[in-house]
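Chains as they are written, first to last, in numbering that gives the first Met the number 0: chain S, 0 to 130; chain L, 0 to 130; chain P, 0 to 130; chain W, 0 to 130; chain A, 0 to 130; chain X, 0 to 130.
A portion of the hints provided could be inaccurate.
[To be verified] Straight-line Cα separation of at most 35 Å, DSBU-like style, residue types lysine-lysine; simulated pairs: (1) W:54 - L:54; (2) P:94 - W:54; (3) X:94 - A:94; (4) A:54 - S:94; (5) X:94 - P:54; (6) W:54 - W:94; (7) X:54 - A:94.
For the record, the hints were derived by calculation from the structure and aren't laboratory data. Just so we're clear, the structure is a prediction, and the values are computed from it rather than from any experiment.
As a plain string of letters, each chain reads:
Number of protein chains: 6
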Amino acid sequence: MSANATPIEYVSASPAVRAVYDDIMATRNTDWVNNYWKILAHHPPTLRRMWANSKEVMGAGALDPLTKELIYMAVSITNGCRYCIASHGFAARHKGMTPQQHAELVAIVGLANETNRHAFALDLPIDERFR
Amino acid sequence: MSANATPIEYVSASPAVRAVYDDIMATRNTDWVNNYWKILAHHPPTLRRMWANSKEVMGAGALDPLTKELIYMAVSITNGCRYCIASHGFAARHKGMTPQQHAELVAIVGLANETNRHAFALDLPIDERFR
Amino acid sequence: MSANATPIEYVSASPAVRAVYDDIMATRNTDWVNNYWKILAHHPPTLRRMWANSKEVMGAGALDPLTKELIYMAVSITNGCRYCIASHGFAARHKGMTPQQHAELVAIVGLANETNRHAFALDLPIDERFR
Amino acid sequence: MSANATPIEYVSASPAVRAVYDDIMATRNTDWVNNYWKILAHHPPTLRRMWANSKEVMGAGALDPLTKELIYMAVSITNGCRYCIASHGFAARHKGMTPQQHAELVAIVGLANETNRHAFALDLPIDERFR
Amino acid sequence: MSANATPIEYVSASPAVRAVYDDIMATRNTDWVNNYWKILAHHPPTLRRMWANSKEVMGAGALDPLTKELIYMAVSITNGCRYCIASHGFAARHKGMTPQQHAELVAIVGLANETNRHAFALDLPIDERFR
Amino acid sequence: MSANATPIEYVSASPAVRAVYDDIMATRNTDWVNNYWKILAHHPPTLRRMWANSKEVMGAGALDPLTKELIYMAVSITNGCRYCIASHGFAARHKGMTPQQHAELVAIVGLANETNRHAFALDLPIDERFR
């Protein structure tokens, strides 16, 4: 796994890597795998580990699938990660995010980044009721 | 408004500041105002402006109120803003966030911050299907 | 130099460290040295190097001294560095920053952090005229 | 408003959007509008809200217009926001920023980001005099 | 798992949680467990998952254990995470980090954060030879 | 020095700039200079200052040269600085970083960014033993 590595396609993947790709496609009910996994595949233990984490964290739980994607996007927008915004924006639209919801997400992420800096600048003491 | 400013309490606030405090309490159906606003009050135009923004962005819309708070928390955790995590964690619990949902939020925010760095490190090319 | 190191006071400092402290006090026309330097002093090459950098970058130039401090604060607020906000806020007030100017600084830093995230979220193409 | 949205040009804009564009051009005494606003225009309430914020925060005040732009750039450089660095760099040059001033800005922003991390690493106790 | 949760001590832990604590102590050849794990323990699946990740990523590999801790600290210092700097600074000292090495680590992390901003500010084109 | 400045090549550089370029090439035992320095060259005092800092901080010390580059990369990946990841990745490979070591670096940086956010989210109290 080196920077600017070439994605490893299914046809040239080892059986261990193919097994992960197969599970990604089955879990997502789709016929393709995105570059994140195809580049992680240069280091199979990381591919296996990250897919297991992703499946557990983003899978069914107390938060619905769309909310999970919105949280993911909020982080990715804050960090300015272009790939992550594109991939999780795609996933969110696939899970039903409307343009109106996207506009609200962007507005909240912007506002939170603003007020976070007000809190830093003013060294706000945490209110007793919040503890 | 200076660093380590003293919060301005209702009793010593100007009528313009009181008007904002009154609207905050009415909108939130509560009897108190948290330090963020009481310290912004040293500069009334900022107090007025930020409350107007907050009310519009966090008010009723296409995303439900709890989801909005979770997005706010995701940003605040990513930035390490203690005050913001405390205040929006309080708001989220008030709007029904369960301990299980909180645990999932924390897990997603952690995972997204991890994979964001994988994407940076590997300079991932954005998949054609994501555009 | 280790975490939670004790500040090295003038009386117990080596001649090389005292020489830097003397220059800090002479340059700033003051009789004390703040903790940043007194803790860096555990590694004298870093103390010497950072003071030389600071003196050159923050010294007289095309930007006036107060503007330089405001820029420093903008960075420190964005990063949430409590020590840096406190020390450069002190320096800025010493150089004439008024409460009104401080309030405007905080507002700009907040707004910029907000619009930065809008730009990330929307993957804005850079306008031809900006190039 | 979705990622990779097409900028909405004046000729195809609604009257509400045109009114904001008109005010942007009149306020800036120019004949064009940059992409930030033309993409926000997919969600008119955000367009209106952000322009009102920007006009208030970046307008006449206790800090001169160039200083305001330099603060904006300091934030944008710290966050690595390419669009924002380009747009506010353009604005700063328009308001008189010289190459020498730009070089000093870059040097200060770099230095502040460096010393911010020294402060984090060493967990510096805030000096009594700074409080 | 909620903010400001109480650490779960061994005596009051469930068998599943105790099993992770036992493995942490055995792997580290020590008799105690730090707060990170004792607070994650409020959500056993996250405790189990994160310990498995940590053990795999920080275990024996192509990078020696001290280098791994220094990389961990570089990230934590950049993010300003006090807990992480304290815990991984402890681990690094335990694995042999000298005060001189610590001083060099802090200097490099500061310098890298500085030059990162120069690169952002100047929008540096990547040299052909680096590709 | 302005944004999108043209790199200053050796043939058109002033004697003062050439002296720095010569030292860079001699120190690195190579025949070329990368864009970071060629663009800093628009402001010779910054060129001279940063090269002196870089030479001192990244030169021989208590940490070996490869470890220094890995720490530099950890910061650059965390900040998402493409140029810096490319240039220090090149330097690290030149100093012997193997693909396996690179994969482990990426995994550690990802994990540390994840656990940093867990620490922020849970507001972890620092263990007494870490102090």
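Hint-by-hint comparison with the structure:
1. Of the pairs offered as hints, the one joining residue 54 of chain W and residue 54 of chain L holds, with about 19 Å between alpha carbons and a cut-off of 35 Å not exceeded.
2. Only pairs whose Cα atoms come within 35 Å are accepted, and residue 94 of chain P paired with residue 54 of chain W is accepted, the gap being roughly 28 Å.
3. The suggested pairing of residue 94 of chain X with residue 94 of chain A holds, with an alpha-carbon distance near 24 Å, which does not exceed 35 Å.
4. A hinted pair counts as satisfied when its Cα atoms are at most 35 Å apart, and residue 54 of chain A with residue 94 of chain S qualifies at roughly 34 Å.
5. Restraint check for residue 94 of chain X and residue 54 of chain P: the C-alpha separation of about 34 Å stays at or below 35 Å, so the hint holds.
6. Restraint check for residue 54 of chain W and residue 94 of chain W: the C-alpha separation of about 16 Å stays at or below 35 Å, so the hint holds.
7. Between the alpha carbons of residue 54 of chain X and residue 94 of chain A the distance comes to roughly 28 Å, so the proposed pair stays at or under 35 Å and holds.
Consistency with the previously given hints is maintained throughout, with no hint failing.
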